[in-house]
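Protein chains: 2
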Amino acid sequence: MKEFKNDRLFSEQEQALLEEILTSRRDVRGNRFLPKPLEKETIDRIIRAGLSAPSVGFSQPWEFVVIQDVHVKTAIKASFEEENQKGAAEFKDQKQQAYQQLKLEGIEEAPLNIAVFYTPKNEPVLGQTSMPDMGRFSVVCAIQNMWLMARSLNVGLGWVSILDPNKVKKVLKAPENHELIGYLCLGYTDLFYSKPELEIKKWDTKKELEEVVIYNQYS
Amino acid sequence: MKEFKNDRLFSEQEQALLEEILTSRRDVRGNRFLPKPLEKETIDRIIRAGLSAPSVGFSQPWEFVVIQDVHVKTAIKASFEEENQKGAAEFKDQKQQAYQQLKLEGIEEAPLNIAVFYTPKNEPVLGQTSMPDMGRFSVVCAIQNMWLMARSLNVGLGWVSILDPNKVKKVLKAPENHELIGYLCLGYTDLFYSKPELEIKKWDTKKELEEVVIYNQYS
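Sequences listed follow chains A and B, in order. Under this note's numbering, the first residue of the first sequence carries the number 1, and numbering increases by one thereafter. Under this note's numbering, the first residue of the second sequence carries the number 1, and numbering increases by one thereafter.
These are calculated hints, taken from the structure and not from any lab test. Please note: incorrect hints may appear among the correct ones.
Each computed DSBU-like pair below joins lysine-lysine, with the alpha-carbon atoms no more than 30 angstroms apart [what the hints assert, rightly or not]: (1) K167(B) - K121(B); (2) K2(B) - K2(A); (3) K92(B) - K207(B); (4) K2(B) - K201(A); (5) K2(B) - K206(A); (6) K201(B) - K86(B); (7) K5(A) - K36(B).
Some residues of chain B that are not near chain A, with every Cβ distance over 12 angstroms (derived) [stated by the list, open to error]: (8) P35; (9) K36; (10) P37.
Positions of the beta carbon are idealized from the N, C-alpha and C atoms, including for glycine.
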């Protein structure tokens with residue numbers, strides 16, 4: 001096994017650069033995307049970042065639908081409109097007003113959409129026998145890798161979750177057993193915000209380390 | 001809003017460095033951890049990387065239990081032993097033999113464990129009204145950020161999923177509504193492998209881009 005050694009040690013400067021990419025990553029919506037198409041090389045590089053994500057039992061249970069077709073986007077957008085209306089109705093008073101003023105997706109504005117599916121196996125998966133969600137979680141790790149790679153390439157990415165996963169599957173003619181995990185909008189942007197948009201707009205406040213760390217056991 | 005602009009553009013060299021961190025990240029198990037404790041500063045830096053992850057509706061639905069207590073680890077390890085026996089039984093013949101030869105965790109060998117919980121809210125969450133798993137997925141994004149930060153700090157991290165989440169909750173005295181998403185083992189290592197261990201050991205083969213990308217719609 002020792003012949004498969006990777007002895008790369010990262011430097012302080014490299015560690016700081018990773019932190020800068022992590023903290024510069026934003027959820028990008030339709031008011032910031034530029035129409036300029038993404039080069040195939042850029043798209044492939046973002047998806048390859050996903051392929052180097054960890055996956056439970058090395059199952060790599062993912063598929064990526066790369067969407068540029070306007071008719072497909074329009075059909076997906078219709079599901080967003082429906083779900084967004086239902087979503088807004090769950091909030092009350094001022095929070096509902098604030099919700100309705102937010103731009104929450106960029107399906108049509110972004111030159112590229114990527115639907116990311118979980119493809120369950122018909123046999124047991126190592127590491128997934130006690131926690132059945134692990135395959136879904138592997139797909140999420142792939143999406144987070146893609147998000148960071150996109151940001152480093154100065155490409156914006158927004159994750160749209162206000163969708164009916166079954167309607168999206170139908171539009172994309174996805175196989176019965178596939179599950180939609182994330183629907184992503186990608187494109188160059190006119191700017192990245194320095195903080196999460198919902199923090200800037202005071203929807204909620206940023207949690208500090210001390211608020212979310214517990215030592216050894218809850219008391 | 002334009003005053004909240006981040007105009008940092010990353011260079012080709014910086015993009016390549018991110019790719020190197022992404023592809024150098026490994027799942028590290030007990031046969032590779034060194035007993036050397038992690039500095040508090042290092043632990044905080046890894047958790048802070050998690051805090052800069054995206055979260056649905058800026059809900060930041062996460063808590064991190066930092067575990068160094070040997071008794072807690074021993075109790076968690078007991079759940080692993082139980083679940084691992086059940087897990088192995090799901091595989092047949094040669095696959096079962098191969099399974100039993102794998103070292104799949106480092107709970108006791110790693111100087112540090114971190115249990116990462118999803119803390120659901122009692123009110124609607126923006127972006128989670130149509131896809132209820134989004135809060136759990138946000139916590140997974142935090143874990144992936146931590147994993148990458150750890151690797152850049154030359155710290156190994158292994159995600160142990162062969163555990164009964166309810167037993168882990170009980171050991172940690174976690175509140176009723178908390179859900180265990182990931183149980184992580186962290187420490188310095190004697191080496192990182194150049195490829196996933198399950199790839200080296202031919203448990204499965206690496207999927208290529210062409211196998212997992214579909215254009216516009218499934219046919």
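Okay, the hints, checked on the actual structure:
no.	hint	verdict
1	K167(B) - K121(B)	holds (22 angstroms)
2	K2(B) - K2(A)	violated (52 angstroms)
3	K92(B) - K207(B)	holds (24 angstroms)
4	K2(B) - K201(A)	holds (13 angstroms)
5	K2(B) - K206(A)	holds (20 angstroms)
6	K201(B) - K86(B)	holds (22 angstroms)
7	K5(A) - K36(B)	holds (20 angstroms)
8	P35	holds (18 angstroms)
9	K36	holds (15 angstroms)
10	P37	holds (14 angstroms)
When each numbered hint is compared with the structure, a violation occurs for hint 2 only.
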